[in-house]
Amino acid sequence: MSEKKRKNILILLWAAAGIALLWFFLSGLNIYALFMIFLIIAVALLWQGLHFEITEIKRRKALMGMSGFWTLIAILMFFPFPAPDAPQYVVGEVHRFSEPNHGWGRMYMGQLGPNLVNHGYVYTHKDFIEPMAKARGGSKPSFTTTYPLARATFGITTITDSLRGPNTVGGEPVKPMKYPWTSFEGSHRAEKIGWNNGDLLLGDVAGKVGYEKAKYTPEENALMVKEIGKWLGSVEVGICRVDPRWFYSHDFISKGTPLSLDDVKDLKYGIQVFTDQNWRRVLNDPGHSWWSASKSGAAYSTSAWIAVRLAQVLRDMGYEARVGHGGINYETIETPFSVYNGMGEYGRLSDAVVPSVGGLRFKSATILTSFPMEPDPVRESYGVTRFCEHCDRCSRACPVNAIPMGEQTVENGIKMWHVDKDKCVRFRAGNLNGNCCNECLKVCPYNKPVNAFHQLGAYMTKHSFLAPWLFGNVNGVGLEDWLEYQYATESGEFGTNRPARWIQENPGYKIELPRLVGNYIFTEEDRSTAEEWSTGIGAQMGKVGLKYKGIEWGKIPDRLLDKDGRNRNVHWDYDEGELGPDMQNIGKTLTPEEVVKLLTEGKAFTGGWYKKHENVYPPRSAYEKQFMTYEEAAEKWSKE
Amino acid sequence: MVLKIKRKEGVSLSLKWHEAYAWGVTLSMLLFGIWGFYDGIEVGSITAGLKFILFFLIILSPNFVILFFYKPKADSAE
Ligand code: SF4
Ligand code: SF4
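Line order of the protein sequences matches chains Z and U. Residue 36 in the numbering used here sits at position 7 of the first sequence, with consecutive numbering throughout. Residue 921 in the numbering used here sits at position 45 of the second sequence, with consecutive numbering throughout.
I should point out that these hints are in silico values taken from the structure, not numbers from a laboratory. Treat the numbers as computed from the prediction; the structure is a model and nothing was measured. It cannot be assumed that every hint is accurate.
With a straight-line cut-off of 16 Å between C-alpha atoms, the simulated EDC-like cross-links for lysine to aspartate or glutamate are [unchecked claim]:
#1 K947(U) <-> E85(Z)
#2 K947(U) <-> E122(Z)
#3 K259(Z) <-> E241(Z)
#4 K90(Z) <-> E918(U)
#5 K927(U) <-> E513(Z)
#6 K949(U) <-> E85(Z)
#7 K949(U) <-> E82(Z)
#8 K640(Z) <-> E122(Z)
#9 K87(Z) <-> E895(U)
Input sequences plus hints: build the corresponding full structure.
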């Protein structure tokens, strides 16, 4: 081959490398473009090495260039650059959240429609429904009560529920039970008793504080609580001061009882315990079977059991202590505890991503107490929010498009990504291809085993501004997409939880409002923004039109569509094949006059963070009528 | 500057410092890739493990080419 031809080929190769570089940037850092760059450079260098004169100086330059490049990248990836500033979520006036108005509250109270509130029938053979309803005091079957494993794991929380606190506050627990073997039930006793007669500290704590006999300093108290919490089985234990806006304004279990902040004034600290749902379980079952609800129940009940026992220790010592645990037995919203005790940060999914407990796959329980403790150090960022800006795996994977793709928005004075809870709950309760979901938990890059390799990854996303570009995948295909940890597992490839089918409401359905359920009134302002969607209009799966590795998101196979192109509302194991056309909702429609009468007489209540101040019964607290940061609210609360 | 490793009589390795630097960088990255490979297998996804090592082999391909092929011809070497 002539010299000129060889040269031309070399020029062509370098030009191709340049084009690949351009492709890389234009495609939003597509990993295949990255590979092309390196492979073409390798071929160009090989061509040069085999066909041209290479001097020692040229070799040295090439070696130095290449080594220098990778050294720079290593510095950018591994150097402990300061983490980004901890995101400030509170940007406006924040109102307490009404528990009947969270996703599950709305579903169980019929606000999302009669078909969904009757969802349990599609998971249950009809011969079981009657005896089951009888066993549960007449309540409807649900996705958590219809499989033996889910019943066993979730069911036990109805027992821990009664041990959450010694008395009813704001409707919960509905039936408090006295904890065995003690007469001390947590009302403030002047005389406190310590951990034990000799008041000796646990070995590890004694080592940390440098003395053996308890002095009951807040620092030592916090260390003891963490030590005991971990020993009882919690993966991590977080401690923070309480912001009273985290208390629900109205209770779900007792159907609308308002919670007065005066009743919980002693509860200044929150101790949060965590149970890992297990990486393999989460990876393997994103709602394909009864595993999904069962593992949720297992982790909830384990956290509950840890928290109930730890709380009783504090009560026995003479302090107030109340437990909030899942399924649905909380007096507070749970996620801010994980954020403000410094364990995690809000991600695109609206839940707290806690890197040390597998990102999103934990279930926590919280003890609210008067036991004085040093809160965990001022939180710093884990870089989660920054990472989520470069990642959208959860959002792409969500079968019902409940997770936002774009920028953060402000709701209730909180700036973060807000999931469409009505859509999510509809799919989780009404998943006709399995049970429950957790597709988002499965695909989140933080869902990894907690080992040194993946902790290094979390370290990089925290400190390196380059890591989110490499690991994330918001525009192109990122490393996480390419590696596909899901391969070779039972869960299959990313995105194959489709086609998804879920319970829809009948065509044209619109809920009649205002409506009374128990003591709670849902009004026009509570109407679901996904109501039309819930009847099948625009109800497409996943990200319509997005293609990746041969999967086209959102393409519903024809066999699942009816003649009008609607995703059919068909159930797989019900004899008739349908849920039935006339499912009964719960609750009673009211006239506006009846509403006013019930509210002003204090016989019913209503809330919702989005309602005008004057439409909330009982009225909002002082904390909710002004802008306050977490620090300001917690400080004020600590002095009440 | 030359890096000299002499273990015993007759066995010695002598590398110019920039060669040693390049080998150091390449081998460390390769080791990282092997760790990723091991981790992938350990967490039960052989494909993820293989892809991890493949990722490192691809981005290291220019390194290997320079180390093995981008050098003065034997007869023109110093
Ligand atoms: S529907 Fe599934 S994937 Fe979507 S937000 Fe809910 S749990 Fe996550
Ligand atoms: S999948 Fe990605 S975007 Fe979603 S929460 Fe996890 S890291 Fe954030």
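- Message: For a quick check of understanding: which of the numbered hints are violated here, in increasing order?
- Response: Of the numbered hints given earlier, those the structure breaks are 2, 3 and 4, listed in rising order.
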